[in-house]
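*Asks:* Protein chains in written order, with my numbering: chain A, 1 to 247; chain B, 248 to 316; chain C, 317 to 543.
Rather than coming from a laboratory, the hints here were simulated on the basis of the structure. Note that this is a predicted model, so its numbers are computed, not measured. Do not take every clue at face value.
[To be verified] Straight-line alpha carbon distances no greater than 20 Å define the calculated EDC-like cross-link-like pairs of lysine to aspartate or glutamate that follow:
hint, chain 1, residue 1, chain 2, residue 2
1, A, K175, A, E124
2, B, K297, A, E124
3, B, K294, A, E124
4, B, K297, A, E202
5, A, K20, B, E309
6, B, K307, A, E16
7, B, K292, A, E124
8, B, K300, A, E124
9, A, K155, C, E398
10, C, K331, C, D446
11, A, K85, A, E242
12, C, K341, C, E403
13, B, K292, A, E16
14, B, K307, A, E234
15, B, K294, A, E242
16, B, K294, A, E234
17, A, K155, C, E403
18, B, K292, B, E309
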Amino acid sequence: MWMWFAKLGSPRWFYEISTKWLPWLASAMCILMIVGIVWALLFLPPDYQQSFTTRILVIHVAVAGTSLAFFPLMAVAGTITLVWKMKLADMVAKHAAPLGAWFSFVTLATGSLWGSVMWGTWWEWTDARLVSMLFQFFLLLSVVALRSAIEDPDKSAKACALLSIVGCINVVIIKYSVEWWNVLHQPSSPLSTSNGSANGPEFWMATGVMILAVYLFFIVSLTLATRNEILQRERRSQWVQEIVRTS
Amino acid sequence: MLEAIQFSSLREFFEMGGYAFNVWSVYAIFSIFVLVNMLLPILRKEKIIKELKRRASFEKAETNSVREP
Amino acid sequence: MDQVTTIEAFTATLKRDLLVAYKRKNDIFNPFMFFLIVCSLFPIGISPDPARLGEIASGVLWISALLASLLAMDSLYRNDFEDGSLEQLLLSPHPLYFLVLAKNMAHWLVSGLPVVIVSPLVAYMLSLPDDAYWVMFLTLLLGTPILSLLGSIGVALTVGLGSRGLILAVITLPMSVPVLIAGTLTVQEALNGASLSGYMAVLGAMFFGSLTLAPLASATALRISVT
Numbered sequence: 001m002w003m004w005f006a007k008l009g010s011p012r013w014f015y016e017i018s019t020k021w022l023p024w025l026a027s028a029m030c031i032l033m034i035v036g037i038v039w040a041l042l043f044l045p046p047d048y049q050q051s052f053t054t055r056i057l058v059i060h061v062a063v064a065g066t067s068l069a070f071f072p073l074m075a076v077a078g079t080i081t082l083v084w085k086m087k088l089a090d091m092v093a094k095h096a097a098p099l100g101a102w103f104s105f106v107t108l109a110t111g112s113l114w115g116s117v118m119w120g121t122w123w124e125w126t127d128a129r130l131v132s133m134l135f136q137f138f139l140l141l142s143v144v145a146l147r148s149a150i151e152d153p154d155k156s157a158k159a160c161a162l163l164s165i166v167g168c169i170n171v172v173i174i175k176y177s178v179e180w181w182n183v184l185h186q187p188s189s190p191l192s193t194s195n196g197s198a199n200g201p202e203f204w205m206a207t208g209v210m211i212l213a214v215y216l217f218f219i220v221s222l223t224l225a226t227r228n229e230i231l232q233r234e235r236r237s238q239w240v241q242e243i244v245r246t247s
Numbered sequence: 248m249l250e251a252i253q254f255s256s257l258r259e260f261f262e263m264g265g266y267a268f269n270v271w272s273v274y275a276i277f278s279i280f281v282l283v284n285m286l287l288p289i290l291r292k293e294k295i296i297k298e299l300k301r302r303a304s305f306e307k308a309e310t311n312s313v314r315e316p
Numbered sequence: 317m318d319q320v321t322t323i324e325a326f327t328a329t330l331k332r333d334l335l336v337a338y339k340r341k342n343d344i345f346n347p348f349m350f351f352l353i354v355c356s357l358f359p360i361g362i363s364p365d366p367a368r369l370g371e372i373a374s375g376v377l378w379i380s381a382l383l384a385s386l387l388a389m390d391s392l393y394r395n396d397f398e399d400g401s402l403e404q405l406l407l408s409p410h411p412l413y414f415l416v417l418a419k420n421m422a423h424w425l426v427s428g429l430p431v432v433i434v435s436p437l438v439a440y441m442l443s444l445p446d447d448a449y450w451v452m453f454l455t456l457l458l459g460t461p462i463l464s465l466l467g468s469i470g471v472a473l474t475v476g477l478g479s480r481g482l483i484l485a486v487i488t489l490p491m492s493v494p495v496l497i498a499g500t501l502t503v504q505e506a507l508n509g510a511s512l513s514g515y516m517a518v519l520g521a522m523f524f525g526s527l528t529l530a531p532l533a534s535a536t537a538l539r540i541s542v543t
């Protein structure tokens, strides 16, 4: 078990195993994404209330679901960085933060494009999910900002690890407090916050395909970025120089 | 399969039941998002490899010049 | 040398920080003045109408207190970092948790407490309805220490950096959202005449939660950034 753990922390091991796996993951991602998008755009029957806007939700739900994975991932990676000083965990965390900010931003953008027709407003403070997603976006950006502010790589790795752990706890507290705030501020919310209650099984099947596709995209993109980081940080090692020579 | 398509004409498909702007902007944002986050790391890798190659050849030349005299 | 107990180390740190603050009075007055000035800008910027001001008074007071606490945060570890006494603190055999707690406490007494004390006066100037005075005062009394404790994490993370003002704001402001919510909600509910025990309990829970956890994070952050 510990051998496996030590191996997992080795950037070389990760680089080699991901070389093997990436083509498969990437092609699965492409297929699922094409299937999901074509299914959603062409075949999804219009909802009796929401008409064709459920096509937005297919994307929105998939991206939103994945964006919630970032802080837990970064907190776990941060704990590993602080406790076991594993280099690989920090390389993953470094690229997870900006990617997570992208995900949060796209969630907000697609959400408000949906809300602008279904709720009649682009932004709504009385929806707890919008507000907590906004603050998750800010917190992810603060991790990115801290990373770029500290020049010493070892220091910035540890500082960002700590901030990610604090941020992860904070996102949860913010989520609950914003919900609480909403309940008290707007006892009769004009909006129905139910997201897919009117959608049939077909909607959820298309969304399921899309969720898988977006998850794979998240893994593939993060792996690609991590591999770049490995090449840069391990450039002095024999095996990276070998890769550079043969490529 | 073809009869399961929800639109009878291409124009209807682009109109999206009157929600063309919202639906198509979501798909545009999503495509840009996916493309950017796939292409940037790929392009960056090429740049890194190029840079590392340059550095390697530079170091080689340096060691050779030390040996020669 | 005699053995120094942790409690003695705690009080020594507290006393020293208070003394240092007393010697450099600017650190006390600047956040306090900032609070007063920001609060008095709102009636000018929004409306002098007492009814409208009364509605937003609790939010204005809380946000101004938050910004004042943020502004004051920078001086928490900076001078000690520059003259090297922070390193001495890290080398001490006592748990860093208590020393950080002492520093936070001294800092709050110097920069947070004056804001809390003057808040009823400002609340009057912003025509906050009378029923909410005490509640406002109490929420700030419980809430500003939380802001200091949370801000301390951000300061500790950025203490060695050249330009840390903005990054400190970016890190700490999103973190203080729950406190802001709890504080302003409590005052709002007091205005509505609702029972307050639940709201105060939430604020109290946040206070004790951050009292136990935040210094741990600050201590870890200090160990990371001071090497």
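*Asks:* Work down the list of hints and note, for each, if the structure agrees.
*Replies:* Outcome of the hint check:
no., hint, verdict
1, A:K175 / A:E124, "15 Å, holds"
2, B:K297 / A:E124, "48 Å, violated"
3, B:K294 / A:E124, "43 Å, violated"
4, B:K297 / A:E202, "48 Å, violated"
5, A:K20 / B:E309, "36 Å, violated"
6, B:K307 / A:E16, "26 Å, violated"
7, B:K292 / A:E124, "41 Å, violated"
8, B:K300 / A:E124, "52 Å, violated"
9, A:K155 / C:E398, "18 Å, holds"
10, C:K331 / C:D446, "37 Å, violated"
11, A:K85 / A:E242, "26 Å, violated"
12, C:K341 / C:E403, "24 Å, violated"
13, B:K292 / A:E16, "15 Å, holds"
14, B:K307 / A:E234, "18 Å, holds"
15, B:K294 / A:E242, "17 Å, holds"
16, B:K294 / A:E234, "16 Å, holds"
17, A:K155 / C:E403, "16 Å, holds"
18, B:K292 / B:E309, "26 Å, violated"
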